[in-house]
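K.L.:
Heads up: the protein sequence lines correspond to chains A and B, in order.
Residue numbering for the first sequence is 1 to 247, as defined by our numbering.
Residue numbering for the second sequence is 1001 to 1242, as defined by our numbering.
Hints are not guaranteed to be accurate.
Simulated pairs of lysine-lysine, DSSO-like, Cα-Cα distance not exceeding 30 Å [what the hints assert, rightly or not]:
1) Lys108(A) x Lys243(A)
2) Lys1236(B) x Lys139(A)
3) Lys1210(B) x Lys139(A)
Rather than coming from a laboratory, the hints here were simulated on the basis of the structure.
No experiment lies behind these values; they were computed from the predicted model shown.
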Amino acid sequence: MLQITNLHANVGDKPILKGLTLSLNAGEIHAIMGPNGAGKSTLGYVLSGRPGYEVTEGSVTFNGQDLLALEPHERAAAGLFLGFQYPVEIPGVSNVQFLREALNAQRKYRGEAPLSGGEFLKVAREQAGALGMDMDMLKRPVNVGFSGGEKKRNEMVQMGIIDPALAILDETDSGLDIDALRTVGDGINRIMRKPDKAVLLITHYQRLLDYVKPDFVHVLDGGRITRTGGAELALELERDGYKELAA
Amino acid sequence: MSPAAPTRRDEAWRYSDIVAVAAAWPLPAPESIIVPASGNFARTIVQDSGTIHQLDIAIGKGATAAIHVLNTGGEYGRVELNVTLHQGADFKLGAVQIGGGSQTLEVVTTVTHAEPGATSSQIVRSVLAGTATGTYLGKVAVARDAQQTDSVQSVKAMLLDRSATANAKPELEIYADDVKCAHGCAIGELDPMGLFYLQARGIAPAEAKKLMLQAFVAGVFEDAADEEMLTETALKKLGELV
Chain A
1 MLQITNLHAN VGDKPILKGL TLSLNAGEIH AIMGPNGAGK STLGYVLSGR
51 PGYEVTEGSV TFNGQDLLAL EPHERAAAGL FLGFQYPVEI PGVSNVQFLR
101 EALNAQRKYR GEAPLSGGEF LKVAREQAGA LGMDMDMLKR PVNVGFSGGE
151 KKRNEMVQMG IIDPALAILD ETDSGLDIDA LRTVGDGINR IMRKPDKAVL
201 LITHYQRLLD YVKPDFVHVL DGGRITRTGG AELALELERD GYKELAA
Chain B
1001 MSPAAPTRRD EAWRYSDIVA VAAAWPLPAP ESIIVPASGN FARTIVQDSG
1051 TIHQLDIAIG KGATAAIHVL NTGGEYGRVE LNVTLHQGAD FKLGAVQIGG
1101 GSQTLEVVTT VTHAEPGATS SQIVRSVLAG TATGTYLGKV AVARDAQQTD
1151 SVQSVKAMLL DRSATANAKP ELEIYADDVK CAHGCAIGEL DPMGLFYLQA
1201 RGIAPAEAKK LMLQAFVAGV FEDAADEEML TETALKKLGE LV
């Protein structure tokens, strides 16, 4: 589904990714772990097309398409979803309006008919309910006045509504208490654990992986993948730390 | 003989399109509106053809006046309000200016609290692209005896291009000592991270900008009888700019 080959990327003039190669197949959940500054968030931003994140070498194909040739909104329509580490507050724009426009823009891009207000609200209510978010929050401006945990929960509600083929979740577990972590973990499994979907979980800690069991764990260090293993690699990292591993 | 056309030395015309002003000179006398005691007055001004509107409004004891302005059209458009509040009167202004190309758009107000206990609120939002200029000059004058005056000015401008210009000058002239006069002023650009967030969810760049600008001007036309028409017209104009 996603094939990243020898990816090099700069933020400003600073090289961050230095030859990253990674392949995700449908039905797989991959976790990327690594120390601060390893390039984990940069990878998420490069894949979703954030301005200022410049690819200098390498290629990324997504379902056979050259992902890097697409604009951010086209990548979304093609089925890629980035769960933000720091979801952005947008004063004055309600969640409901934002998500309906987003979903219908994607549908239009794919040549599908738009959802009516009623159809959309039904989907929104289902997803919000499954993640324990009440509809009043969906009517409020996007992320404004939300706690850290509520913002992350809102990202998952968005993911449920948009129903992407590939989710890149950038530290979705940070800022969550234990109950919220479980809710979010259940959400990821329910929405994304399907034979035609894939997930790239970017995380610092093993604890989310207790709820969302990865098929592969990769260590990202110095801008490239330095080790790959199964779920047990995360436990090893948690026990020994990244330094030990690098030695 | 009418007085000579103003020049840039006149503070109230300092940022104006002087050539356009000279061409329109001499101006007809301002429209005079007198709101009788306890009366209620409302007016919507849609400036879409490059004209100069001048209104003198006297608001009687305990009366209210609400003016909503959408200033969008022509090379030079100006809405000038000269408001006098009597005891316990209330004045509300909600104005949106949307300009692109080389347009010059202005809202110029003088609000005089002549007697005690009157309230005034002015909200002005400008969205400017290209080399357009948007100006708000707003003077609030509080007379010596006009105690318990409560006045608010909220002025914000959004620049879509670095080549656009926003001028904002809220100004207070207070001769009473028991008054509340608040004013806030901000000029900024669309938040790039917000735009990216919207795009990452599938919204095309122009639509993302439009959505954020819609939020920026939202609320200004609340309570207007023509709220729907004003909002729709504003959105259409915003759509042309992004």
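K.L.:
Now, for every hint given, state plainly whether the structure supports it.
P.N.:
Now the hints, each set against the structure:
no.	hint	in the structure
1	Lys108(A) x Lys243(A)	violated (48 Å)
2	Lys1236(B) x Lys139(A)	holds (24 Å)
3	Lys1210(B) x Lys139(A)	holds (19 Å)
Hint check: a violation occurs at hint 1 only; the rest are consistent with the structure.
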